[in-house]
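Enquirer: Using numbering that gives the first Met the number 0, you'd call the opening residue of the sequence shown number 0 and step up by one each time.
Because the hints were derived from the structure by calculation, they are not lab data. C-beta atoms are modelled at their ideal positions from N, C-alpha and C, and glycine is treated no differently. Among the hints, erroneous ones may be present.
[Stated by the list, open to error] Derived CB-CB ranges, DEER-like:
no.	residue 1	residue 2	range
1	D294	R143	42 to 52 angstroms
2	K439	R209	18 to 28 angstroms
3	N319	V83	44 to 54 angstroms
4	R209	P299	13 to 23 angstroms
5	N314	I176	23 to 33 angstroms
6	P288	N319	31 to 41 angstroms
7	E82	N177	22 to 32 angstroms
8	R199	L275	33 to 43 angstroms
9	N314	G413	41 to 51 angstroms
10	W260	M321	32 to 42 angstroms
11	Q340	R199	14 to 24 angstroms
12	V206	V83	37 to 47 angstroms
[Claimed, not checked] Derived DSSO-like pairs (lysine-lysine); straight-line CA-CA distance at most 27 angstroms:
no.	residue 1	residue 2
13	K203	K435
14	K255	K435
15	K116	K467
16	K467	K120
17	K203	K439
18	K255	K439
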Amino acid sequence: MGGGVRGVLACVVLLASVVCMEASTHLDQQQLRGTAPDGDPIAAILDGDGNPSVVRKEQDDEPHWEIDTEDLAANAAAFARHEVLGMSLAGLAIFIAAGGGTGGGGVLDPIYILIMKLDAKTAIPLSSITIVGGAIANLLINIRRARSNSTQPLIDWDFILVMQPMLLMGASFGTFINAIAPTWLLCILLVFVLTATGIRTLQKAIVAGRQEWWFPGGRERIALLGVPNSVGGNPRYAGSASSRTTQQHHLHHEMKADIPWKKVGMLFGLFLGIALLSLLQGGKKFASPIGISPDSFLYPIVAFLPTLFLIIFSNYSMRNVMQTFQRQQNPYYVLSPDEIQWTPNSIRYFPILSILAGMVSGMFGIGGGIINGPLLLEIGIAPAAASAMTATTVLFSSSMSSFSYTLLGSLNFGYAVVMLPIGFLMTFIGHVCLLKIVQKFRCPSLIIFSMAIIVLVSAVAMSVESIKELVNS
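Start from the sequences, fold in the hints, and give me the full structure.
Expert: Here is the structure:
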């Protein structure tokens with residue numbers, strides 16, 4: 000177990016080290032370029048309106064450069080205000096999204112574009128690396144959380160091992176659709192999907208909240224109908240009075256999960272496998288290590304290898320789900336709290352729904368969290384488990400996206416070294432605070448409300464961004 004923990008921490012340290020080294024190189028190169036007189040980038044960076052803060056003058060027939068300090072100070076102050084406001088709002092969005100495990104990508108993109116005045120090609124990779132920081136914090140918290148009255152992990156790793164490759168496959172299809180679909184159609188579909196998802200999630204949150212004491216009329220309803228104040232009000236988790244007393248005890252003395260490190264390792268192996276197969280294709284900034292050019296007849300075969308790997312991986316992982324389903328058919332099998340109850344329909348339709356969720360994510364570039372969370376709630380998973388599993392899928396999806404952006408040279412490392420730790424810190428604080436509130440006041444519906452708020456705010460923010468994009472185009 001200690002080796003597994005060290006492995007997770009090593010991955011975190013490696014990611015942070017790569018970002019820091021790339022940022023240092025980026026800044027060094029920027030400083031070197033700043034001394035060049037032709038197309039001076041310092042003026043472009045410090046003055047977004049094109050008014051020259053760096054002025055070329057002639058002295059003794061030799062050109063030299065002088066800095067207009069007053070203009071430079073004004074531009075720097077305005078730039079700093081945008082940055083501080085944008086980063087503050089981003090931190091608040093991450094704090095709210097932490098409990099639901101959604102990542103908040105649908106809110107971060109508009110904040111970076113509309114508030115910090117970044118272009119979309121800079122904002123989207125920055126949003127992705129910010130979500131990575133938050134997802135790391137969520138994983139470190141959730142990986143040791145157990146189901147009620149059990150040492151079984153709250154995260155169903157068999158479920159994740161099936162869902163994650165499906166999400167990645169869907170994302171690749173969605174990216175292709177994004178490339179060929181008109182902008183106006185994508186904008187309309189995005190607003191429709193987010194609005195419908197947000198309203199549906201809010202409805203589920205209200206239904207769950209009505210069975211808790213804090214909701215308006217909740218005390219009277221519980222006293223009159225005897226509705227158990229259990230997880231989400233779901234009778235499946237209610238049990239007897241004595242079991243509920245035991246659950247209350249364990250809310251304050253939560254057991255630690257027995258982590259299946261082999262399955263966790265398989266998930267990291269999935270990430271490494273896709274990363275290595277993607278490297279074989281090469282990219283805009285580097286050539287294929289095996290010498291295959293985009294014009295080669297072998298290129299489509301190499302490009303299909305990641306998808307083939309995902310299909311094989313998901314089929315192998317589905318065996319564990321089928322074994323769990325067979326065990327649950329035993330009439331003497333007792334379903335534990337927070338455990339997923341598999342049915343023939345859920346086994347049949349879950350892979351399709353996962354691919355569709357990944358397709359929506361790739362089509363709109365919003366990250367999978369605000370789609371995956373409501374999807375897991377919709378198929379009947381308890382709020383705490385849905386939040387934990389959503390955050391886990393977000394970690395690997397956002398890490399893969401950030402890896403791709405790094406290879407393409409799209410990630411701004413100057414911003415990344417700031418937003419990665421902000422994402423980690425605000426998620427950690429937000430998650431711990433919400434857990435304390437849920438455990439103390441027994442109101443797990445707050446997790447669903449967290450998801451609903453982020454999805455609905457994303458719908459509004461992305462609508463504003465889409466309208467602005469349509470007007471500009």
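Enquirer: Now look at each hint and say whether the structure bears it out.
Expert: Checked hints:
no.: 1; hint: D294 <-> R143: 42 to 52 angstroms; verdict: holds (50 angstroms)
no.: 2; hint: K439 <-> R209: 18 to 28 angstroms; verdict: holds (20 angstroms)
no.: 3; hint: N319 <-> V83: 44 to 54 angstroms; verdict: holds (48 angstroms)
no.: 4; hint: R209 <-> P299: 13 to 23 angstroms; verdict: violated (54 angstroms)
no.: 5; hint: N314 <-> I176: 23 to 33 angstroms; verdict: holds (24 angstroms)
no.: 6; hint: P288 <-> N319: 31 to 41 angstroms; verdict: holds (34 angstroms)
no.: 7; hint: E82 <-> N177: 22 to 32 angstroms; verdict: holds (29 angstroms)
no.: 8; hint: R199 <-> L275: 33 to 43 angstroms; verdict: holds (38 angstroms)
no.: 9; hint: N314 <-> G413: 41 to 51 angstroms; verdict: holds (43 angstroms)
no.: 10; hint: W260 <-> M321: 32 to 42 angstroms; verdict: violated (22 angstroms)
no.: 11; hint: Q340 <-> R199: 14 to 24 angstroms; verdict: holds (21 angstroms)
no.: 12; hint: V206 <-> V83: 37 to 47 angstroms; verdict: holds (40 angstroms)
no.: 13; hint: K203 <-> K435; verdict: holds (22 angstroms)
no.: 14; hint: K255 <-> K435; verdict: holds (16 angstroms)
no.: 15; hint: K116 <-> K467; verdict: holds (13 angstroms)
no.: 16; hint: K467 <-> K120; verdict: holds (16 angstroms)
no.: 17; hint: K203 <-> K439; verdict: holds (22 angstroms)
no.: 18; hint: K255 <-> K439; verdict: holds (18 angstroms)
Violation of the numbered hints given earlier is confined to hints 4 and 10; the remaining hints are satisfied by the structure.
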